[in-house]
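Undergrad: Using the sequences and the hints, build the whole thing.
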Amino acid sequence: MRSQKKNKNNELTLEQHLQLYRVMVTIRKFEETVYDVYSRGIMPGLAHLYTGMEAVATGVCGNLTPSDNVTSTHRGHGHLIAKGGDPAQMFAELLGKSSGYNKGKGGSMHIADLSLGMLGANGIVGGGLGIATGAGLSAKVLGQERVSVAFFGDGAINEGLFYEVANIASLWQLPVVYVLENNGYGEYTTSDRSTAGSAAGRAEALNIPTKTVDGNSILDVHEGAAWAINHARSGAGPAFLECKTYRWRGHHMGDQGDTYGYRNQDEIDTWMKKCPIQRYRLFLIDSKILPEFELEKVDEEVQQLINQAVEFAKAAPYPDPSEVYTDVYA
Amino acid sequence: MSTPEHTVTIREAINEALQEEMQRDSSVILLGQDIGLAGGVFKVTNGLQKKFGIQRVWDTPIAEAGILGVAVGAAMTGLRPVVEIMFADFTTLASDQIVNQAAKLRYMTGGQTSIPLVVRTAMGAGRRAAAQHSQSLQSWYCHIPGLIVVMPSNPEDAKGLLKSAIRDNNPVIFFEDKMMYNQKGILPEGEYLTPLGKARLHREGDDVTLICTSSMLYPTLEAADQLEKEQIHAEVIDPRTLSPLDDQTLIRSAIKTGHVLVVDEGYQSFGVTAEIAARITEAAFDYLDEPVRRLGALDVPVPFAPSLEDLTIPSTTRILEIVHEMLA
Amino acid sequence: MAHEIVMPQLGLSMSSGKIITWLKVDGDLIKTGDALFEVESDKATIAVEAVHDGVLSINILAGDQDIPVGAVIGYLLAPSEKPSHETVQPVALSHDEKDGVGITSSTPTPESISRQDYSIRTEGHKVSRLPSTPAARRLADDLGVDWRLATATGKRGQIKARDVRQYANTLPAVTPSPNDISPLAYTLVKDLGIDYKSIQLQLPGKRIEREDVLVYVRQLLSEKRAAKSTEFSTGRVSSGTEPILRLEMKKQPVIGLRKIIAERMATSAHTVAPVTLFSEVDATALVDLRESFKVDPIISVTPSYNVLFAKMVSLALLEHPDLNASMNGDEIVYWDTVNIGIAVDSPRGLVVPVLRNVHARNLFDLASTAEELISRAKQGKALPDELSGGTFTITNLGNLGVDGFTPIINLPECAVLGIGRMQKKLAVLADNTTSVRTFTTLSLTFDHRLVDGAPAARFLNRVCQFVHAPILWITRMTAF
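Protein chains in written order, with this note's numbering: chain A, 1 to 330; chain B, 1 to 328; chain C, 1 to 480.
Careful, some of the hints might be misleading.
Straight-line distance between alpha carbons at most 20 Å, and here's what the computed SDA-like set of lysine to any residue pairs gives [as the list claims (entries may be wrong)]:
hint	chain 1	residue 1	chain 2	residue 2
1	C	Lys155	B	Arg318
2	C	Lys250	C	Tyr216
3	B	Lys256	C	Arg207
4	B	Lys256	C	Asp141
It is worth saying that the hints were derived from the structure and are not from the lab.
TA: Take a look at the structure:
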């Protein structure tokens, strides 16, 4: 609550607040529905849930326009929703249906909506870093105002690619924002066992200005992201934003309970108490920015939306066998 | 662009192709180490930064994965990058970007995006550059669906194929033989494009089919000349694009002659020659008078000592030996 | 200088032994008489002494390995010498290795690296059929020939396409199938109203081209012209059987059947080592036999002399299989069946239809088959299979008044029997009385590369016996 009171960001309009809230709730309900559907055994493949980290995607993407680019990780549902993705087409994709965003050919880990500038979740750790940096290069060469945001985790900060592309971005002053979603875990290994020194320090060493924020405070994230995105858009080069957060669910759906024995329930409980959506809700109500019933209305609308998305996805057709050969080449 | 017929080296032909395409389409940019100010380690991009500026020709740090990653992102968002990887051996450092990203993004996104990217890289032994600077890794990339693999053998094909590659909307790996940059040839008058996916017949013959890639064209033609003196008429075909392969042309020739030798500078085992041999055997089995033969580099890392290195590279002598064995 | 230490013969019956233990160590200085090692033979364990001075160099260590008597197991070297071989630890042979099924080293040798030869070695692997290439078999199929009769020239002993083509060139022209005519030629034959199946091909297997049609038509026209000219000169309608009483300058290209015959005959003459044996034989009984067949109401087709001779020859070949053979490169193939080719004069030239399995078939079955087959062959309508696959040929010029002659061998066979005319002669019998008997001359040309004179003569003699006394073979047949 204290961080909320320190918040200087009282320039957001009601609509903007409502939108931020709506996006976070959409992500939460989407992910929890995925959990449910997956657990029933009707969703193939892997699912990596964003539950608990909603503020990061929402806060950052809340500063972006549709033409701005975003790349994501294997844990990409939140980013696509925050960028404006349609839950129905997303769910269809997760079920491998041809009505999905990627015609069922990418699945959860590669979900994308190019029309919204969302250049895709990526199955390779750090895979989006190069793509986002390249999108920054094209904006610069083509003289466009586009900013590209690369979401990545504390696991990816140790991939060599990060240094190579961040170095290039800094050298060439590309309009790229590197957003480190530090949830303390790279799969089943904590960052203190995988990352020497400081994560943000690496960016600083490359002359990239950095900021670290509380990733569970939507307003802190939003403010920090505004700074970073404006910095990049101004032509001053890349920026680095570290958001400290936590994922409630396992690394992926197969990581339940004590299977890998790498974290304890106490820790999860502690972080659940810092739920970003709850915090924001309380803040909005306490600060009299929005009444509770409005928020509840949003909750219901979102629930409806998600329900319809699931129905849509379940009813959608599987891809025709001939689709196996399409889109290999342009 | 109306240019008269003229003789150039492969180096100059590639330079011309880059110039013409950059002139024609402002979204074509070049990325690579030392390609701008220094004109490229093989001097292929000489003069291009001066002509087109630093916003079109970028000198990159030594970061193959980073360069390719940036190129992929740029290709997805409106540019047509042509990346130079100094030695084909170094593409290993960019494997993820080429294999997991560039080759697959179109398919994985269900066709939402395309990657109009060209990776130019120098392969081939003979330079005494030893094992890590001499490899011919084309078969690796042929193996990956979604990539196009091109290997020109002469100036005319080099220019035409590169122009086509740049205009193609798919990721193309364009292998240049580092020993062939000075090879001369005539370019036809005016602008021309050489189609991807089509083989080229260099010589017609009824007795034996010789299929050769890149610089292997030259020892093969030499062998064909020698065979003519022995009244053996060899048909010489250069596939030019390895993937997708113009196997129909190759198969038709095999049906005609019944004797086939495939020559490629990659390591012989698990190489390009094996795929071509397999396709020909499957389709033309009933017409074969001899098993399809392969000649690749020896299955050893390329040695430094000149006498040893020369042993590893397919030669005219070895081609003749194999042909004589087949026809005996 | 190094002295060899060998596995000694420790008993008359000993052929191998085991080294139980070495009593000295590699590098030891040995004096003559020192006990070096212990050997186990079937009978006992014996210590073997050194017979020279020297430094011990052990090549084969103690172990279970059976070492043949006389094999070198070590050396006694002069102090300055270096051992020339590395010590080998004998490996107890595993079951597999004892059976000869070992795993060859997977490390490529420099040899194999430089040759990059990945072929599986097939030496020692018994191949039960003639190896041939797919192209050869396909070509044989296209040409309608039996690839097994081609002579292999492949360096692995395989029959290649060129060998099939070579063989096919030795055969007479085949009747084309409907696919074997070019569109242009087909249009032409349709316009002219010709049955193209009677047109000769230039080469076997090649399809009928326009040129073939034109040649055929020209021949027809010249024949017609010849008939017509007779008409004019005699003022009567010619039946075609009257002789043409003047010569005409005529040129005829050597094409079609004539060309094939020319090539085949030349090849045979230049390849074969021909010897011809002549025998005159009393054929009266054979003639009587045939007359009996003629008047027998049950027999619908009287066996011709060709059929009778084919049958007699086939039975003689069963007793003399050397003459039922073919030479294929370095190999002589003795056939397991008797297929007799019967030389037939057709208007276009010599054709040789083949009667199959003559030795096993009934005379009357042969007779009816032969009549039909020969008739079609004369008209140029025999199928390719019917003109190939022969193992022996007979040729009968008897009805043209010839006695003995020197027939040319029909490659790849090794012998050919010529049959002369049946002629009544006055014969002197055993009791020195005379009688009128019918004689015929048989001429056997054989290939001296495969068959020698005496065996050939014995065969001919047997045929003569059969001719002279048909009872010898008639009784061996099943009737009907």
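Undergrad: It remains to establish, for every hint, whether it holds in the given structure.
TA: Checked hints:
1. Lys155(C) / Arg318(B): 19 Å, holds
2. Lys250(C) / Tyr216(C): At roughly 16 Å apart (the allowed maximum being 20 Å), Tyr216(C) and Lys250(C) satisfy the hint.
3. Lys256(B) / Arg207(C): 18 Å, holds
4. Lys256(B) / Asp141(C): 17 Å, holds
Taken one by one, the earlier hints all hold for this structure without exception.
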